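Enquirer: If you want the building blocks of each chain, they are given just below.
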Amino acid sequence: MQQITMTETTLRSDAGSRSPVKADRRAFHEMLTPFPVAYFTGAFVTDLAYWQSANVMWERFSVWLIVAGLIAAIFVALAGLIDLVGSKQKPAWLHASAYVFAVLLSVINVFVHSRDAYTAVVPTGLTLSGLVFVVLLAATSAGWAFTSPHRVGADK
Amino acid sequence: MMPIFKSARLAKSTRLATILVALAGLGLAGCDDNGGDPRKEIGANPMLPALQQYLLPPIHIAKPVAWGDDTPKVPQGLQVRALATGFQHPRSLYVLPNGDVLVIESNGPKPPIFRPKDIITGWVQWFAGAKAKDANRITLLRDTNGDGIPEVRTVFLDHLNSPFGVALVGNDLYVANTDAIVRYPYQDGETTITDPGTKLTDLPGGPIDHHWTKPLLASPDASKLYVGIGSNSNITENGIGAEYERAAIWEVDRATGAHRIYASGLRNPTGLQWEPVTGKLWAVASERDEIGPDLVPDYLTSVRDGGFYGWPYSYYGEHLDPRVQPQRPDLVAKAIVPDYALSSHVAPLGLAMYTGIELPESYRGGAFVGEHGSWDRTPLNGYKVIFVPFSGGKPSGPAQDVVTGFLDANDHARGRPVGLAIDRSGALLIADDVGDTVWQVFAAHQTTSEKTAD
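Residue numbers (the working numbering), protein chains in the order written: chain A, 23 to 178; chain B, 6 to 459.
Pulled out of the complex, with its shape left as it was, chain A reads as follows:
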């Protein structure tokens, strides 16, 4: 209880002003969120290359990139939990949901990409990769963090 009071006091003191205190309270998961975005975007690019060339090397790149993105997403989720529970930050629901949606689409996408030969990518896999790319653009449009330090008086 005491801790919470202190937190609120701290927050109240820096609300409305950009003080160094806020930098200390940056979300921990923020440094990890770009990794799945980079992997999934890479998979979209290699999917396009496969679509154009039908060279299986690109399809193999895609499926490994998606797997790497999903593994990175597990770490993002863990870090996000630490931010929510440990640092008692407030989730940015809209952007976080979009990000989660992109990860769920990628789970489907990794199964599609595990099919054999052409239909592992064209058309379903390529479409999913493109969709994930667009959703991630929207999800990260306001920044890499999906939580924010709680502010008294903010919406709840």
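No wet-lab data here; the hints were simulated from the structure. A quick note: this is a predicted structure, and the numbers were derived from the prediction, not measured. Glycine included, every Cβ here is placed at the ideal spot set by N, Cα and C. Be aware that one or more of the hints could be misleading.
Claimed, not checked - Stretches of chain B that chain A covers, calculated by requiring three or more beta carbons in the stretch to come under 8 Å of a beta carbon on chain A: (1) 242-254; (2) 323-334.
Said to hold, decoys possible - Below, a sample of chain B positions facing chain A; criterion: calculated Cβ distance under 7 Å: (3) Q58; (4) L60; (5) L61; (6) F119; (7) R120; (8) K122.
Fit chain B to the given chain A structure using the hints.
Expert: Frame of chain A, contents of chain B only:
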């Protein structure tokens, strides 16, 4: 107050996540349809359903269990017994003219990992007991006192490279390793060969070597060898370049080692045999996976010189496979429909045309087929030896189950039949690469001691 509010919200979002995951799981599981009655796809005109593409490929393998004192089941009029046990993944069989039985103990080379899927496939194969160490040898069995049970057991040839096919022509014994045909000098009565052998020709082997078995058959005039070369993938997922001169039957000149493609478009041709009435080449072939529990039926077919049988572009004539791009309409247009479908995913790996007289008359002139059994179909299919009656050099009726009981009541595999051979007495021999046994099927009217007739 604040912490309570937070945790309530967190619980709500966790619940939401759980529901989402469950929904996703449901969607995946929902794609796993059960296969229909395999009898609808046996014979000259199999029922071919529309193809489906999976999100999660169905994997249904039979867990291996021991035979114990049990044996496979045979219909009335036949008897079965273990000829010999304790082998290491016996894969094919060859009977020498003096009655000695060669047991080829072999397993494939370690496949490379190109995709995450290959890791999963490796686990599945290990679970199915298919990951036994490659013995790379041929064991000789000899019955010296005529009781039908071999007393002599020697290592005939060792340090081979995933061998499968064997063919004896005069004093030349050919062994088809996965990457080459090697010739050894053989004298009647030898129980072991120490000669290092001479390479006749290279065969398509590693580094992928997806279908690694190389069945071998000598031409009746002894001038040629026919070799089955399986495809290097399920359906070109390793690129069409990896399929160079694969999914084909080669004709190799015995004198020079030169080869030509005798027939192509056969995904994994095995069990090469001469049909006794017409003298035509016949084979069994395993068709493609992952487009449905009832697609594509594996088959038994005559093999025409220069014939193209569809793989990878199409199946059963002009049924296109959308997974293959770019397509080849020129080849599809001339794709031959195989003679006799065996139903889907049975994995036929052994064929024996029955020319003996030991077994009841109904079996004479027909074909025994060893069905290794499915790994991607529910319910399981195969796991038995069937008989296809022939008349006038063509299949003439529905297939009959001959040797069953490889699966127990819980669908666990006590064994899986692979290569077949007819021994000198006319009994059917079956290599069982999970039970590590060679089974012998003979006519029931004879007692063991009477089996000395020849």
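Enquirer: Decide, hint by hint, whether the structure agrees.
Expert: Quick rundown of the hints versus the structure:
1. 242-254: Satisfied; 3 residues make the cut.
2. 323-334: Since three or more residues must qualify, the claim that chain A covers the region 323-334 of chain B holds, with 5 doing so at under 8 Å.
3. Q58: holds (6 Å)
4. L60: holds (5 Å)
5. L61: holds (6 Å)
6. F119: holds (6 Å)
7. R120: Constraint on R120 of chain B satisfied, holds at 5 Å.
8. K122: Check passed: Cβ of K122 of chain B comes within 5 Å of chain A, closer than 7 Å.
In the structure shown, no violation is registered for any of the earlier numbered hints.
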